[in-house]
Structures are given as C-alpha cells and as structure tokens.
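Participant: Chain by chain, the residues run as shown.
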Amino acid sequence: MKKLINDSEAVVDEMLDGMLAAYPEQLRRLDDTEVMVRADAPVSGKVGIVSGGGSGHEPTHAGFIGDGMLDGAAAGEVFTSPTADQLNDMIEACDSGEGVLCVVKNYEGDVMNFETAGEMAAMEDIEVRQVVVNDDVAVEDSLYTSGRRGVAGTIFVHKVAGAKAAEGAELDEVERVANKMIDNVATMGVALTSCVTPDKGEPTFDLPDDEIELGIGIHGEPGTERVDMMSADEITDHLTEKVLEDLDLDEGQEILTLVNGMGGTPQSELFILNRRLQEVVSDHGLETWDAWVGDYMTSLDMMGASITVAAVDEELKELLSADADTPALTV
Amino acid sequence: MKKLINDSEAVVDEMLDGMLAAYPEQLRRLDDTEVMVRADAPVSGKVGIVSGGGSGHEPTHAGFIGDGMLDGAAAGEVFTSPTADQLNDMIEACDSGEGVLCVVKNYEGDVMNFETAGEMAAMEDIEVRQVVVNDDVAVEDSLYTSGRRGVAGTIFVHKVAGAKAAEGAELDEVERVANKMIDNVATMGVALTSCVTPDKGEPTFDLPDDEIELGIGIHGEPGTERVDMMSADEITDHLTEKVLEDLDLDEGQEILTLVNGMGGTPQSELFILNRRLQEVVSDHGLETWDAWVGDYMTSLDMMGASITVAAVDEELKELLSADADTPALTV
Amino acid sequence: MVDEPTQQEAIRAAAEAVADRLEDEKEYLTELDSAIGDADHGSNLARGFRAAADAVADDEESTPEELVKKIGVTLISKVGGASGPLYGGSIMSASQTFEEGVTAESSVAFAEAYLDKVKDRGDAQLGAKTMVDALTPAVHTFKKSIEVDELPPLTAFAKATAAAERGVEYTVPIRAQKGRASYLGWRSVGHQDPGATSTWFIMQELLEVADD
Amino acid sequence: MVDEPTQQEAIRAAAEAVADRLEDEKEYLTELDSAIGDADHGSNLARGFRAAADAVADDEESTPEELVKKIGVTLISKVGGASGPLYGGSIMSASQTFEEGVTAESSVAFAEAYLDKVKDRGDAQLGAKTMVDALTPAVHTFKKSIEVDELPPLTAFAKATAAAERGVEYTVPIRAQKGRASYLGWRSVGHQDPGATSTWFIMQELLEVADD
Ligand SMILES: Nc1ncnc2c1ncn2[C@@H]1O[C@H](COP(=O)(O)OP(=O)(O)O)[C@@H](O)[C@H]1O
Ligand SMILES: Nc1ncnc2c1ncn2[C@@H]1O[C@H](COP(=O)(O)OP(=O)(O)O)[C@@H](O)[C@H]1O
Ligand SMILES: [Mg+2]
Ligand SMILES: [Mg+2]
Ligand SMILES: [Mg+2]
Ligand SMILES: [Mg+2]
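Protein chains in written order, with our numbering: chain S, 429 to 759; chain W, 429 to 759; chain G, 1037 to 1248; chain F, 1037 to 1248.
Think of the hints as simulated: they come from the structure by calculation, not from any bench.
Hints are supplied without guarantee of correctness; some may be wrong.
Claimed, not checked - Pair ranges (Cβ atoms, derived):
| # | chain 1 | residue 1 | chain 2 | residue 2 | range |
| --- | --- | --- | --- | --- | --- |
| 1 | F | Ala1087 | W | Glu679 | 42 to 48 Å |
| 2 | W | Glu743 | S | Asp459 | 38 to 44 Å |
| 3 | S | Glu742 | F | Asp1090 | 55 to 61 Å |
| 4 | F | Ala1087 | W | Glu669 | 33 to 39 Å |
| 5 | W | Gly629 | F | Ala1049 | 53 to 59 Å |
| 6 | W | Glu630 | S | Glu568 | 37 to 43 Å |
As the list claims (entries may be wrong) - If you only want the chain G side, here are some residues facing chain W, beta carbon under 10 Å, derived:
| # | residue |
| --- | --- |
| 7 | Ser1113 |
| 8 | Gly1116 |
| 9 | Ala1118 |
| 10 | Pro1121 |
| 11 | Gly1137 |
| 12 | Thr1139 |
| 13 | Arg1157 |
| 14 | Asp1159 |
| 15 | Val1208 |
| 16 | Gln1213 |
For every residue, glycine included, the Cβ atom is placed at its ideal position computed from N, Cα and C.
Take the sequences, apply the hints, and build the full model.
Facilitator: Right, here's the structure in full:
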C-alpha cells in the first residue's frame, strides 16, 4: 500500500513540522518532543487544557489547539499513547499557575501514561486533573472489559472545557463541565475498510467487499461485530439506535449530533448519513440543536464513520457555541 | 467496493439534503434542483458569485457558500457538469440586480453548460460574466488540447471574488480580481489510487502498488504520466517544480500555497507534503505569506494530493484574508 | 412521405429503442470513458435518453419537429457534462429542419445541421478523437448516397451507419485534441472514443427502427 | 555471586540480545496485535528496547541497579502505549531489588516486584489475556524452583521460561478482559496475546545470555 510519506519512522515528526509550517503563528513545538502547544502558552490566568494520544487521528489532537479549545496536544507514535515524560513536558508548558486539565481518552496506555505524567507534574507543584472520555457504546463497560473507549465525542469535551477555561473559570469548574459533557455523550462507529498503518503498510484486518465491521474504535481495531454490507440508511439506523439506547433521552431533549468521517470517507457520504440521522433523531422526538459533519477524529485512511449524539442543556450549548479559533475548528 | 450510500442514483440528492440538515440556517436548496444557495440569496446590492460543476469534489462546491464567498453552487451528477437549466435557475436566484459572476472550471462540459445558462439568463436581462479557471499545469495549453483544467486553485478564485463582492464592488471589478487570481495561480496533482465512482463501483483506473499517476485532474482521469512510486519529498519536489516553472516568479515574491487532499489521504500525509513544500519554495527565494492544508477540492475517495502556488500582491492578500463564513472555510 | 401520425410513432419508437440500447451499453460506454475520461459517459446518456423517451412517450399532440426538439431539450436538462450540450443542444437546434416533416431531404438537412452545431459548439475538427469523427463520415456518406447516388433512404442510412463505425475505429489510433481525453496527451492513443461510439450505437438503433 | 563488572556486562549483553530479538520478531508481534489490537506492539517494543540497549551500551559507570533502572526509564520515554508504562514502569520500579547486585535471591525479588507492579498498574488478574498470563506462571515457577526445589538459577530460569510459554498458549482460547483485545469481546477468543508473547521472547533471550 502506498503512502505519501518518506519513512514510516519519521511520520509523526515530519507531520508536526508540516503542521507548524502551516500555522506558524498559532502553534509552537516543544524542543525534542512531539508536543505542540499554543504559540503563546501558557496563557496567563487561564487553566490549561491539554490532550493527546496516538497519532493517526488528525486533525485530532493538535488541530484543535487554539483560542477556546486546547493549549497543548501530545502526539504519540501512530496509534500509540505518548510517553509520560512528554506528557509531563506538555503539562508544564501549559500551566500558567492555574492548573491543567488533561482530557484523556479511555485506553489503558493513555490513562497509564497520563497518570504517570500527572504524578510527575504534581511533584513540580502543578495542579493536574484528569477527565477520561469513554463515549464509545460499542464496548460494554463491565468487569470484563477495560471500559468503554474514548472516541469522537472527545471533540465536544475539548470544546466545552476549552470554552470554560477561556471564560477564566477555575480548574474545578472546568473539570465539572468536562465531566458533564462526558456524561452526556455517546458514539458508535462503522468501518467499511481497515486502515493501513505506515509501519505495517498493509490493512490491519481483512474485510471482504460484502462485509463491514460495526462497533470499531479509532485505532484500526476490528469492531465488535462483522455483518453483511448494508445501505447507508440501515447503517445509520443501527448506529443511532445503539447510541440513543445508551443515552436514554427524554422526548424533546435538545441534542448536538456529529457524523464523523474516519479519514478515507468522501464527505458526500457523511452528508448522506447525516440526512438519515436527522430523520431518526426526529422520529425519536429529539430536537437537533446543531449538527456537525466532517473528519474530526480519524483512523488514518479508514473508510467508515461514527455517529455521536450529545444531550445539551443551556450551559453546554453556550460553551459549545462559544468562540473557538483553531486550525481544524472555527466557531 | 463499498460505499456509505443507499442508491448510486440518489447520491447527489441525498448528499444535498444531508448538507441542508447540517446547515439549515446558512443554506437553501432550490426546489426540484440540485442547486444550493445562501439562505438569504439574493443579497441585495451585492454582485452574486456562483460556481458549480460535477459532484464528488466535496466540500467543493456548496461547502463554500456563505458570507464572503459563494452565493450559489450547482451540483451535477458525480463528475458531470450540471445542466444549463439548473445553472440558469441558480443565476436567477443569486441575482440581486447587480449581476452575477460565474466561476467556471475549464472543462468543455462546464464551459458549454455555463455558456448556455448565461445566454438564458441574459434573455431575462441578468448581467452574467464568466471567468474560467485553468490552473492545472499538468496539461499543456496548446492547439492540441482543450486547454488546462480548473482544479484546486479555484478555491482561491471563489475566495477573492467573494470577498470583492462582499465589499460591494461592481461586477467589472469582481471579474477583474477573479481574473487576476486566475492569472497568478498554478496547480499540479498526484494520485496514489484511483477513485471509485458510486455508479461504476470500481476503480476508474488500475494503479499497481508500486506506481503512481502524476498530473491527474479531479475526476478520476488518469494523469499525464505513470511513474514508479516515490517518497513524499520526491513527489513534492516534482509537483512544486512544475508549478513554479509555470509561474516563473521573481525572487522575494510573496505566495499563498495549498496542499490539497484528494479525499482519501490522511491529513498527516498532507502535512508531510507541506513541510517539504515550504522548504522548496523557500529554496527558490519565495516568501510564503500563508499556507493552507486540507481537503478543499477532492475526487471522492482518491488517495493523492495537489500542490497549488499563487503569487499574491497587496490586493489579493487583502481579499484572501477578508472574513468568510462558510461550512468548509472560516476566515 | 409517410403519414404524419406514423412519423410521430416512428420518432417515439426510435427514442425508446435508443434509450433501451444505451441502457444496455451503459457499462461498456462508461468503461471506454474510464480509460480516457471520467467514467460517466454511459450513465450520462442512459439517464438522458431514458428521460427523453419518457418525455415523448405519451405526447400525441406534437408535430415531428416538436417531438425532436423535446428530445433535445430533455437531453440538455438531463445529461450534463460535455455530451449534454453536444447531443441535446444540437438535436434541439437541428430539429427545425423537420418543420415540414421527416423526408429523405429533410433528414439530410437535419444530419448536416446537427453536425454543424456539434462542431460549432465543441470546436472540434475531424481527427480530434471525438464524436465528430463518427459523425462526419456518416453525414457525408448519407448526403452523397441520397443526393448523388439517389439510393433509397434506408440503404443510404445503412451506408451512413457503416461509415460511422469506420469513424469509431479511426478514433482508436489517434491522439485526442478535445474533451477530457486530450488531457492524457499521447496516452490517449490506442483507446476508442466513447462519444463516437455512442453516436454509432444511436445510428444503429435508428436504422433498426426505420427498417421496421 | 559474579563480579560486579561482569554483571554489568551481562545486563548490557542481555539488553542487546533482547533488542535484536524484538527487532526480529517485530512483524510477528505486530501481526498478533493486528488481530486483536492496533498493530503496533512489535514496533513499540523494537523501538523501545533498541533505545534501551543503546542507552546502556557505553555506560561503564553505573551499578547493575542503575543500569536496569535506566532501561526502565528509557522504555517509559520511548515505548508509549500500554506496554510502555507496563514494561518500563515495572522494570524501573523493580530495579531497586538489585541494590546489592544480581543474585539468585535478588532475581526472585526482582521478578516478584516486577509482576506486582504490572498487576498494580494494569489492574489485570490472571486469565484476562494479557502479559500477566505469561508472567505469573513464570514468576511462580522461578520462585519455587529456587526457594523450594533449590535448583541452580539457570535451571530455574529455564523452567520459568517454559512456564511462560505455557502462559502464552493459555491466552489463546480465553476471552480478553483487559487491553484493547477486550473491546472485541468474544471475538478475542482464539488469538494469542501479543504482550504475553513478547514477555516470553524476552525471557528466552535472558536465558540465552545467562547460559553463555
Ligand atoms: N469539444 C468536443 N467536441 C466534440 N465532442 C466532444 C468534445 N468534448 C467531448 N466530446 C465528446 O464527448 C464525449 C464525452 O462525453 P461525456 O463523458 O458524457 O462528458 P464529459 O467529458 O463531460 O464527462 C467524448 O467521448 C467526445 O466524443
Ligand atoms: N491492563 C493491562 N494489564 C496487563 N497487560 C496489559 C494491559 N493492557 C494491555 N496489556 C498488554 O499490553 C499488550 C499490548 O501492548 P501494545 O500493543 O504495545 O500497547 P497498546 O495496547 O496501547 O497498543 C497486550 O497484548 C497485553 O499483553
Ligand atoms: Mg497502540
Ligand atoms: Mg463527466
Ligand atoms: Mg465523461
Ligand atoms: Mg497495540
């Protein structure tokens, strides 16, 4: 499989340099790391919001650095959590003295490395909090799993936490709204093809032309179920029903929806899903307050999509629609 | 090949409905057409800027409708120019009495249909002008071709014309800046894979795992040359040299660059190209004023990219950085 | 000269036959367009001619000229791409040659007007590897067979259709100068032009219907 | 107890051997991780252990404890993912058992401390289909062989390595409860755990080096 790369080991490094070359005024890369921060970090008087995780999910994470969203983002190797020392460097660079909130997706690697980093930062007297996003309803949260994964709903958490911090709120408050968002968001995804990592150079899993994977994560993992290919409407119905079942919302509830592309999906197809999604949620008596469509949290070149629904109240709506100015999202 | 669609004949219709569901306040679809216009079209006192062409290039064209860019966009079938009657409907809906500028990409189908539409609109006393974008340097403009194609550079033309019209300029002036932009922009593209049209359901051309197509257009056409796979840097060098050769700029010239993804390319790879592009232009003594990276003008799910360079002066810079508020671009 | 109602029936039958044939050839034409174009010629024409056949199917009112014009107008609004204005616009504008009904003479006039319009709109000379390469020998042969050789119209049209086939084959070894295939430069050599091919298919169907 | 300088050499040689082996097994481990994870375990470990081996290669100053700690710290900062903190963090924290040098007793202490730390950090019990499943039988066997059966250290470690292999095989038929494989639910059954496998490979190399 062909890729526009020079060397599979240099992908993350060169990607970050190319990103910096595109946004030289907004971004700064910490020396000798794969950490990107706001050019003006730390922003004095503001709680720092940081995130990070494996690479391959672009525009996540660094694409959401900027006013009203993230102060820093650490990029691990493709699909591999960043290391604790780099996470610590990031936390230090984003702390203005008001403390730092880490938005972590629920993967054991991410959680363990962020925890270690948090301990290291605490030793430097930085107040660090962690919120763990686990919006993926495909994976049951039970004793028999390591919990639900964090996927596309993470973007909403970045947005809400970033907006609250931009208001000048304290760490406690920022953490509270982030957790409120986490408690109210659910996602489920589908893959039509596997992604190809630069390192392996071949599809992570084989998926015949008449089958799809339901309940995939964002790391090229196989999903929870392999089924026969279905129409866009059938797929949307299936994903949306699972998501709504999990959220169990009252009629009339206002919601924010996201149809997220996995990287290799034409935008036209995402809109075809959105068309059906809006029919389904309206059939459930829900009120769409806003609908996002696009590539927010990808899996390299995977063809597929995820559907996210979040219940929103006045507070969340205000934070979600507050100004943001980042490479990947301008509100 | 799998796609997130219901019916290959309904792709454009359902995509437009899904888009409308995502941007109900910004967009309006003309009844019984595949034409999308600003919700508030025609904007009184403003020259209308319209574009259009085959579908499959999303976010082009309708994604650029909004304040500071397009007033209307007509969507043909996938890779097929819209028909003259729908183009005429669009022109009528976007004329506030100040006239309408059509931004046409140089394909015989597009040009012929826009010409017919222009004649129809003229019969209704609407002043219509056409500018034809032909930024693709892969195709020589000679007696033996139908001229250079219009590709990703079209986005800059939309931006410049839209900004000028938003200033309240007259049709002559808007046409002038659009042509100025056209005269100063050049693009060349590469494909790693063919795209798959919903209709055909299979790759338009076969491309072995160790070969790429240089000089592709945006319709899944094969390129001008098939060569062995190269590294990202080699590809960037090749495309950029061709583009710069065509533009023949003086040292110190300020430029705007665009690394455009063809739809199936991970964003990380686009940044890897941008990194090298900036090295190359700087080696040529050019000054990057701004660098855009992303999926602006796609070919469905094709893996590949194009590189665009535009020479900019004070006037163009002002127009390119003027406010714009559209689904796909916010400035 | 046949009765007018019979002429309208023949036009409707021809439209139907062409629509059926293009549906059958849809994949083949798109295949040809994949090699040197953008893989849509088959669906463009199948969609357009089906709509055109439907548009005239129940029209019992119109004159032959009006029916042909309606076919052209429908093609303009349903085909899109390059072939939409070329096929549709040229049929529409040539339709006026049938003002006095369809005769051998008016058919020659139609053929000439149609060719002129295609060349005018598309600006393609002979040898540019387009539909013009099938159309030109067909129209020239048709005109000469009727006007010089005074052959019966059906024989003349059969010869014209054979000439179109020769034109289709002629497009294979030459380099494109117009249309999307021109973007390929020398790589277009060795491939058959989709538009020339569809022109020939349409003529074959017209011949069938005229023969009945 | 061997001479201290020899211990350091042995540690450097072991690090080198492990790095080489993991480079050789990189594709295989990634293959295993493709089936039930995210296709990076091979490159994570190959990258990390190469860096660790390099980090200690020219270090003539450090004590055995410091060398082992350095390996752990390097893994923490080079591996990432789940295996980074598990391997790196546990090696780092268990390194203090070598304060007095590497002996049979301190090796048992190291093994126990390492296992405890992995379980503590990863919160995985036996049977969750993780590296813990290879590690636990290995550590239990090693401890018993030394402390109860009083076998020579090399023999004990050979038995421990064989026990690890048994653990690797045991991961195949069971359902994952931790790590990415747990997302697959029942579909994880029938696949071998990458982390258990790499644990076993590493032990094989340590055995080789100890044997020399
Ligand atoms: N300038 C032209 N003059 C005459 N025929 C043309 C011209 N351009 C294209 N064609 C014909 O149109 C055919 C392609 O039609 P089609 O695929 O439907 O449109 P598009 O090229 O816009 O996709 C070509 O095979 C060629 O015969
Ligand atoms: N909670 C855990 N406890 C113990 N071992 C674990 C745990 N989670 C994962 N592992 C081990 O880590 C291995 C995967 O490592 P690796 O692929 O490098 O990291 P990641 O899963 O982050 O991609 C698994 O095969 C498993 O043996
Ligand atoms: Mg990983
Ligand atoms: Mg076309
Ligand atoms: Mg075509
Ligand atoms: Mg892994």
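Participant: Give a verdict on every hint.
Facilitator: Consistency of the hints with the structure:
Between F/Ala1087 and W/Glu679 the CB atoms are about 43 Å apart, so this pair conforms to the stated range of 42 to 48 Å. Take W/Glu743 and S/Asp459: their Cβ atoms lie about 39 Å apart, and the range 38 to 44 Å holds. Restraint check, S/Glu742 to F/Asp1090: a C-beta distance of roughly 56 Å satisfies the suggested window 55 to 61 Å. Range check, F/Ala1087 to W/Glu669: about 38 Å between beta-carbon atoms, so the 33 to 39 Å window is met.
Checked against the hint of 53 to 59 Å, the pair W/Gly629 and F/Ala1049 passes, with Cβ atoms roughly 58 Å apart. Range check, W/Glu630 to S/Glu568: Cβ separation about 38 Å, and the 37 to 43 Å hint holds. Restraint check, G/Ser1113 versus chain W: the minimum CB separation of about 5 Å is within 10 Å; hint holds. At about 4 Å, the closest approach between the beta carbon of G/Gly1116 and any beta carbon in chain W falls short of 10 Å, and the interface hint on this residue holds.
Among the interface hints, the one on G/Ala1118 holds; its C-beta lies about 4 Å from the nearest C-beta in chain W, closer than the 10 Å criterion. A distance limit of 10 Å between C-beta atoms decides the matter here; for G/Pro1121 the minimum to chain W is near 4 Å, and the interface restraint holds. Hint on G/Gly1137 is violated. Least Cβ distance to chain W is approximately 28 Å, over the 10 Å limit. For G/Thr1139, the interface hint is violated, the least distance from its beta-carbon to any beta-carbon of chain W being 30 Å, above 10 Å.
For G/Arg1157, the shortest C-beta to C-beta distance to chain W is roughly 6 Å, which falls under 10 Å, so the interface hint holds. Because the beta carbon of G/Asp1159 sits about 8 Å from the nearest beta carbon in chain W, less than 10 Å, this interface hint is met. Among the interface hints, the one on G/Val1208 is violated; its C-beta lies about 17 Å from the nearest C-beta in chain W, farther than the 10 Å criterion. A distance limit of 10 Å between C-beta atoms decides the matter here; for G/Gln1213 the minimum to chain W is near 5 Å, and the interface restraint holds.
The earlier numbered hints that this structure contradicts are 11, 12, 15.
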